[in-house]
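Peer 1: Given the structure of chain X, go ahead and fit chain P with the ligands onto it with the hints provided.
Number of protein chains: 2
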Amino acid sequence: MAFTEFRPLDEKSLIEYIKATPSLSSKLDNNFDDLKIKEVGDGNLNFVYIVSGSTGSFVIKQALPYIRCIGASWPMTKERAYFEAVTLKEQGRLCPEHVPEVYHFDHTMSLIGMRYLEPPHIILRKGLIAGIEYPLLAEHMSEFMARTLFFTSLLYNSTTNHKRAVAEFCGNVELCRLTEQVVFSDPYKVSEYNRWTSPYLDSDAEMVREDNTLKLKVAELKSMFCERAQALIHGDLHTGSVMVTCESTQVIDPEFAFYGPMGFDIGAFLGNLILAFFAQDGHADQGNDRKTYKEWILRVIDETWNLFHKKFIELWDEHKDGHGEAYLSAIYNNLELQQLVREKFMKDLFHDMLGFGAAKMIRRIVGVAHVEDFESIKDAGKRADCERRALELAKMLLKDREKFQGITEVVTAIQKIQL
Amino acid sequence: MAFTEFRPLDEKSLIEYIKATPSLSSKLDNNFDDLKIKEVGDGNLNFVYIVSGSTGSFVIKQALPYIRCIGASWPMTKERAYFEAVTLKEQGRLCPEHVPEVYHFDHTMSLIGMRYLEPPHIILRKGLIAGIEYPLLAEHMSEFMARTLFFTSLLYNSTTNHKRAVAEFCGNVELCRLTEQVVFSDPYKVSEYNRWTSPYLDSDAEMVREDNTLKLKVAELKSMFCERAQALIHGDLHTGSVMVTCESTQVIDPEFAFYGPMGFDIGAFLGNLILAFFAQDGHADQGNDRKTYKEWILRVIDETWNLFHKKFIELWDEHKDGHGEAYLSAIYNNLELQQLVREKFMKDLFHDMLGFGAAKMIRRIVGVAHVEDFESIKDAGKRADCERRALELAKMLLKDREKFQGITEVVTAIQKIQL
Ligand SMILES: Nc1ncnc2c1ncn2[C@@H]1O[C@H](COP(=O)(O)OP(=O)(O)O)[C@@H](O)[C@H]1O
Ligand SMILES: Nc1ncnc2c1ncn2[C@@H]1O[C@H](COP(=O)(O)OP(=O)(O)O)[C@@H](O)[C@H]1O
Ligand SMILES: [Mg+2]
Ligand SMILES: [Mg+2]
Ligand SMILES: [Mg+2]
Ligand SMILES: [Mg+2]
Ligand SMILES: [Mg+2]
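Protein chains in written order, with full-length UniProt numbering: chain X, 1 to 419; chain P, 1 to 419.
Chain X with its partners taken away, still in its complex shape (with noise of 0.2 Å):
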């Protein structure tokens, strides 16, 4: 059985898929006798399966043409995976350590084969849920982001590298549709899709859709997303986009990568970590008031920044002299002059991600797709109080954001509002 054209695989066919494919069936030595195969997309979008063998192991992603989670009714090119695939590869090599390598793509099927994360990795998400520490986070996530979003940007590239790779990304136009649509359109209207917290959170949702200041600061974040080609981002960097042990931090799933503005990529994870915060009251209980696990929270946010501005700012600093066209070193010749210019950067920066976090925040209550974080707190009344102090911050940071100066600041306001 030849694979010369698209078709959704199951886990039979995959078998077939894997015999037929020596970059796959090499992996596991060509040995299927105990082969298991386990479908555990709990994403939105794809069909995911873990290979697994006595000799090797593997993961296979496979796009199909429209979302999973909504049905055959929403259409979505399976060209997606194609972007997935370079884009995996890309960050892989600016960022081996917290990429999955890619062992196979195969654009007719819209596949991609690649390492298994092996168990104790689990989504990062599930372990905010769960009140584990993840003493690597910060320094890790950082990491990630500095090098990848440092690595594609004009400060490190020449404009000919840059507007090629812009121009390739502008393919992914479908995945940008999808975040446009349900990011910065869709919780500013009535839709259909949307939903919350009812009746708790009638009121909440409609002044969100009647709140002219609001409408004005997300029509400026759109603008950027739409028309920013900043960097290469991975586009959908939530807390279920990253997997964890204690020792291991992995960033999978950029099926929506594109150059677009760093602050999309920081701002998605960060404000998906002050969702987590929000959901701890609800995750309570007699054995654990989860106190402490909100402090590392805050330590998380606190640190991440932090962290990266200092990664940002040293990949800046190694590879001044280099062909990066922003900024010429014949130009930007004096230490005071640097240190301006870095500040203004990164000031911007800061605001860009504060106002992308609470954008992705406020659609995570009020639009399509919600967070397990505040979906596996049982009680609706509860939920609702959890998820109305997160969208009061995001409210107020999106409309403020300016007035911020610092991570601290908004460390502060978090935990205003949480009393």
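None of these hints come from the bench; they were simulated from the model.
Among the clues, some could well be false.
Since the list can't tell identical chains apart, any single copy or any two copies may satisfy a pair.
Stated by the list, open to error - Quick list of in silico lysine-lysine cross-link-like pairs, BS3-like style, CA-CA up to 25 Å: (1) Lys-189 x Lys-344; (2) Lys-320 x Lys-189; (3) Lys-347 x Lys-395; (4) Lys-403 x Lys-347; (5) Lys-311 x Lys-38; (6) Lys-310 x Lys-347; (7) Lys-126 x Lys-378; (8) Lys-403 x Lys-344; (9) Lys-38 x Lys-12; (10) Lys-344 x Lys-320; (11) Lys-126 x Lys-38; (12) Lys-399 x Lys-347; (13) Lys-12 x Lys-36; (14) Lys-382 x Lys-416; (15) Lys-395 x Lys-36; (16) Lys-382 x Lys-347.
Peer 2: Then chain P with the ligands, alone, in the frame of chain X:
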């Protein structure tokens, strides 16, 4: 003789080319008897031939693989002719009254055939030097800019069409790089190509190279130029890219076109009008003190921005329920909010325009390519005085552009400096 490979034409081989090209020869009714061919390229980059006979006329523009005014030592892709042709057609579709019709494009030969803008059409810059008033200039240029910028932005287009076009114009990267170098980089560093009215402006040029604040500000604009795909911009919209009579205004030479920030075009045009203003004192003589003419230029600056503002908002309003994806009507659904977002948009655009306009002025005084407005002032001391005032204004605009609330304040600032 076939033209299956690129080769530079001259007046003689061009006749052969025309005879072999039906879309051109038909313009002359196949009558070549009294044909006159004259090379008139006074521009910096390309060769331009006027072809005219008793039965018809047209202009032929050919790009060679280097920059004409520098020579073969500065190579430049001849692919620019392709982007010029595509843009002439697109801008002609959007604003036919102000763009010459394209009759013919030959990709292999990097050659465009277009309408001959017959006398009394002259290059606007020359008219400004001669002190000629063009009563319709503000009306026409605001129309050209409002239509070409609005209809190629996300205010009018879907993300899908926008990204497709953005990707295509990423191909014009060599021309973008040229702008990056000569506008945003060279004036702020020592460069073999820089020149200025020496020795008069030696210390002024040095001050530009040593002004940290200026360099901080120009970095911001350079990033916007490189990263922000807001609309299809002309990319070289100075007063030498406009041909005029008292009734007609025609925009030529969009070989630098790409998806960039709108403010770059508006700033180029207004910045060059400001240069024309400051040059007037150098053209004054006993017969004409140029006082009235200077007032007319200031009125054109004022009117161009105000009319642009009005027309742009009118287009936005007219198409607010269209397929443009930036501001969905279901979200921006009340008059107060529409007012808010438009004011914000236009205020930001105004400040972008001032920044880019200022950068374009500076580079014409201390960078590689100067303007005839100043160059035609024979007395070097007088010329330097004019240039210094323009430079002073430009530096102020670049540093403090956010402080200007409207175009009237800019006009007032210009008037203050010339006293
Ligand atoms: N390389 C991997 N190793 C182990 N598990 C994985 C791997 N990739 C994905 N998974 C599992 O599959 C789930 C869905 O994968 P994901 O790439 O996020 O798909 P989707 O695009 O549908 O969200 C993840 O949440 C994770 O549990
Ligand atoms: N369509 C036209 N009709 C009449 N003259 C033209 C036309 N196009 C160009 N020219 C003349 O040729 C000159 C150079 O043309 P331009 O397109 O600006 O070339 P360059 O790219 O080299 O600057 C113009 O300044 C103008 O005098
Ligand atoms: Mg996922
Ligand atoms: Mg995904
Ligand atoms: Mg020209
Ligand atoms: Mg008209
Ligand atoms: Mg030109």
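Peer 1: Within a copy, between copies, both or neither: which one fits Lys-382 and Lys-416 at a CA-CA cutoff of 25 Å?
Peer 2: within (19 Å within a copy, 64 Å between copies)
Peer 1: Since the copies are identical, ignore which copy is meant and state whether Lys-344 and Lys-320 lie within 25 Å (CA to CA) inside a copy, between copies, both or neither.
Peer 2: within (16 Å within a copy, 35 Å between copies)
Peer 1: Reference check for the pair Lys-320 and Lys-189, CA-CA at most 25 Å: within, between, both, or neither?
Peer 2: between (45 Å within a copy, 16 Å between copies)
Peer 1: Should Lys-399 paired with Lys-347 be assigned to within, between, both, or neither, using CA atoms and 25 Å as the limit?
Peer 2: both (17 Å within a copy, 18 Å between copies)
Peer 1: Please sort Lys-311 with Lys-38 into within, between, both or neither, judging by C-alpha distance up to 25 Å.
Peer 2: So Lys-311 and Lys-38 fail the 25 Å test inside a copy (39 Å) and across (60 Å) alike.
Peer 1: Could you place Lys-403 and Lys-344 in one of the four classes (within, between, both, neither) given a Cα distance threshold of 25 Å?
Peer 2: Answer is both; intra-copy 15 Å and inter-copy 18 Å each pass.
Peer 1: Please sort Lys-310 with Lys-347 into within, between, both or neither, judging by C-alpha distance up to 25 Å.
Peer 2: Result: close within a single copy only, 13 Å intra versus 34 Å inter.
Peer 1: Given identical chains, is Lys-126 near Lys-38, meaning Cα to Cα at most 25 Å, within a copy, between copies, both, or neither?
Peer 2: Within one copy only: 19 Å inside a chain, 75 Å across chains, cut-off 25 Å.
Peer 1: Given identical chains, is Lys-403 near Lys-347, meaning Cα to Cα at most 25 Å, within a copy, between copies, both, or neither?
Peer 2: both (11 Å within a copy, 20 Å between copies)
Peer 1: My question is about Lys-189 and Lys-344: at a cut-off of 25 Å on alpha-carbon distance, are they close within one copy, between copies, both, or neither?
Peer 2: Result: close only across copies, 21 Å inter versus 34 Å intra.
Peer 1: For Lys-382 vs Lys-347, is the C-alpha pair at or below 25 Å within one copy, between two copies, both, or neither?
Peer 2: This pair counts as neither: shortest intra-copy Cα distance 36 Å, inter-copy 44 Å.
Peer 1: When no copy is specified for Lys-347 and Lys-395, does a C-alpha distance of 25 Å or less occur within a copy, between copies, both, or neither?
Peer 2: both (20 Å within a copy, 24 Å between copies)
Consistency with the previously given hints fails for numbers 5, 15, 16, ordered from lowest to highest.
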